[in-house]
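> Can you make the complete structure from the sequences, with help from the hints?
The listed protein sequences correspond, in order, to chains Z and H. Numbering-wise, the first sequence is residues 1 to 165 according to our numbering. Numbering-wise, the second sequence is residues 1 to 755 according to our numbering.
These are calculated hints, taken from the structure and not from any lab test. Keep in mind that a hint or two might mislead.
Rough simulated footprint, nothing fancy, chain H against chain Z, three-plus residues with beta-carbon under 8 Å [stated by the list, open to error]: (1) 85 to 91; (2) 144 to 150.
Distance windows between CB atoms, simulated [unchecked claim]: (3) H:Glu426 - Z:Gly19: 51 to 59 Å; (4) H:Gly430 - Z:Gln20: 55 to 63 Å; (5) H:Val722 - Z:Gly52: 35 to 43 Å; (6) H:Glu426 - Z:Thr164: 40 to 48 Å; (7) H:Glu172 - Z:Thr165: 56 to 64 Å; (8) Z:Thr23 - H:Asp223: 54 to 62 Å; (9) Z:Thr164 - H:Glu658: 53 to 61 Å; (10) Z:Gly78 - H:Leu125: 51 to 59 Å; (11) Z:Thr164 - H:Ala611: 52 to 60 Å.
Glycine included, every Cβ here is placed at the ideal spot set by N, Cα and C.
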Amino acid sequence: MSESPQPVAKCEISLTVNGQVVTVCVHAMDRLLDVLRHELGLAGTKEGCGEGECGSCSVLMDGMLVNSCLIPALQASGTNIVTIEGLASDGRLRVLQQAFLECGGAQCGICTPGMILAAHHLLRKNPQPTVEEIREGLSGNLCRCTGYMQIFEAVAEAGRREATT
Amino acid sequence: MKKGSIVGASVPRKEGRGKVTGQARYVDDMVLPGMLYGATVRSRLPRGKIKKFNFGPGINWNEFVVVSPEDIPGKNCIALLDEDQPCLADGIANHPEEPLLLLAHADRHVFPKAVEAVSVEYDPLPAIFSMEESERLSQIIWGADNTFESFVIEKGDVDAVWENADHIVEGEYTTGAQEHLYIENNGMIAAFDQRQGLTVWGSLQCPFYVHKALMKLCDLPADRVRVVQMETGGAFGGKEEYPSMIAAHAALLAIKSGKPVKIIYDRMEDMAATTKRHPSRTRHRTAVSKDGSILGGEIEFTLDGGAYKTLSPVVLSRGAIHAGGPYYWPSIRIRARAVATNAPPHGAFRGFGAPQSLFALERHMDRIAHAVGLSSVEIRRRNLLKPGQTTTTGQVVREEINLGKLLDRALELSDYYAKKEKFAAENQQGRQKKGIGIAAFLHGAGFTGSGERYLGSVVGVEAGADGSVRILVSSTEFGQGTKTALCQIVAEALGLRYEDVGIAQPDTKEVPNSGPTVASRTVMVVGKLVQSAAAGIKQTLTARGMLGDSYSPEEFRAACRAYVAEHGKFRCLARYEQPDDVAWDEKEHRGSAYAAFAWAVYVAEVSVDLATYSVSVDDFVALQEVGKVLHPVLASGQIIGGVAQAIGFALYEKVIWEKGRMQNGQMTNYIMPTSADLPAIRVYFEELGNVHGAYGAKGIGELPMDGPAPAILNAIEDALDVPFNSIPLLPEDIFDALAERAAPESAIPLARGKP
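Shown next as structure tokens:
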């Protein structure tokens, strides 16, 4: 749910999003999620619960996995943000995205951007995770469609493919 | 292309690329110029006469567009089976989430405060909150007797069986409400102009349900209402009915304001106000011979429908028809009833009544086993339906299904007997008690009885000016794989590559009405129709000598191009015709209820921790016969996802009610399974094939919702030797039962007070 900001003046913040420096004029307590979706038109980041429970709005902030619905705009000032739009470059899918496609890791797709960012974050820390490590690494991202098993397969498969290329 | 290489192959999901790159567009991702945001003022009382609205201070109300029932151009209702549910409460509110007024404003931030600032003066009316209160008629809140629907299914002479029964086994089983918890909340955008009429874009399952409701509400002809489905982030039945309500609200605001209006629910509003699975109560009384044969039984199946009828009669029908499960009943009487309470209407949810009645039956089978002194396996084996026998509605099982073999294979895959023995030995000590349980069940594919005939679904396949092939259906994709499976079928039928076939986004202006995307009907019923329509395209070309018997995709394309160049348009339609062996008497609930059933045996292994009273499911075997599996990855995905959702139904997901209102409408306090909570869910298929579906496919999506809950509770009984007959089953329920068993007569200082 969008919290009603106090009637205070907006402020200008700059941040790096998917490699580009952007400056936006927002309320200090606006959510990073809204800054991305409404100010920057990056609609790939999804809202599921608005209270940090489902992980659909996951993005990377300075390399950390965060729920963008819980990050006030001011806190994001000066940081480096990566969203789902920043993962595939030149229209080419990453190995992880391709693995999600092939293994059935995406069904309705609404949790998928956040799930892929969480998996990407996990694989950077731990390139060949065990199933237990995948379960743990993705436990902050809810999926109602898949029952998770095919997501685990996708992440493990991406780890294997990255290791052999 | 080799025949048979596309159907049965796990091709990439048609819309998958957009989903893994974040490019897929859902309704909240769409912004129209000048768009306003809409919000809903709801009743705060379960039942009352509305006297007056007060628009509180501190808000500049001149900036708002306000819609009240007087602004409705047509009839104030959400037309579905009936027209009893108003779009906005007119004089009386019948549940605590009932919409009363609508607000729109250009700044979405103003809403929580503005909605709260509208206060309502009521004359409160007495309300009822349970099926029992509703049955007692302590208040009449709907119709003459609080009953949306009641009927009896009768087979044989059940009154004659009791006298000669060696055992008469009785039991009562209940299930709670369950929230769908699709991760994308409900949302709609509406725009209106005098020339083009009304257009809505939204997250929805059934474009023509919304279309019908809007025509009635806005008093517009069919061609002036257009409904477009956006990418839809999960549905599970939860976007079957309620999207019509939200579309109606957005439409009224758009008509009054003259601007496009977007309504997106937040999680709490979505959970509290929209439909949930019907709470149920099932009573069984069964006559059994000493060798374990079922002689006959009486089943009383009751659903809490909430405040308005919505789809309750249909949910009731499917639940009651499935109440006898995959067993042979020489005689049976099933009394079914859906009653009204002052809660938001309950609605469609994956399984549609069957998970409720099958939970009861499959728990009851274990109870019968105990009473007779047989194992859980034997009691089932002795009563499983065989080809040539009839179901409870008198439908002859024509498929060559061998359920005994299915049962054996499930036992083998789960290593059932070895585990059963091992757990019995190990449970003598330690705080972890382990158990294993089974459930055998079936699920009818497609609409019940004559439903498909009434729908008369139509689909189209067309070739474009460039020779490309496109499927035209109103069947929607919301994760289950509609687009992929239908494209596979058409590619197979035309001998094309999967990439050569496209599918239109459901838009009531562009596609024929192929019916709602519900009831596990899409692949079986709509799939068969697109196969026919595709055959029509091919026949047209070959009959005119434009295409030979064998051809390359390029030759096919060229032939289509030539046809379009000559005729301007190339489209073949196919309409559903009821097969001869599907005859149904809907008054008596007799005959062929479904064109095909999917069959399954599931085995759950659990451990219960006697320090925390929590249950974990350690292994899960899901074995099913669903006809031809068109796409192994998608099919497994349906089964795994359904089992996960059913584990939630059994062990986690509890709606806390207070006077008809959900109190825990957040993901923090309504708990669904996370990736850390689930066992390895092992999926296996038997493939018998089926005459009615495309390439032998049957329905699959709902089946996995039916079996896990009873299998898990059967396993818990195996572990603890305590029968639990109510779900969701939470650790506190297990604690209470064990405390009671430890000291049945005395007051127990340790036990928590029971409500």
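> I'd like to know which numbered hints this structure contradicts. Please list them from smallest to largest.
Hints 8 and 11 are the ones this structure does not satisfy, whereas the remaining hints hold.
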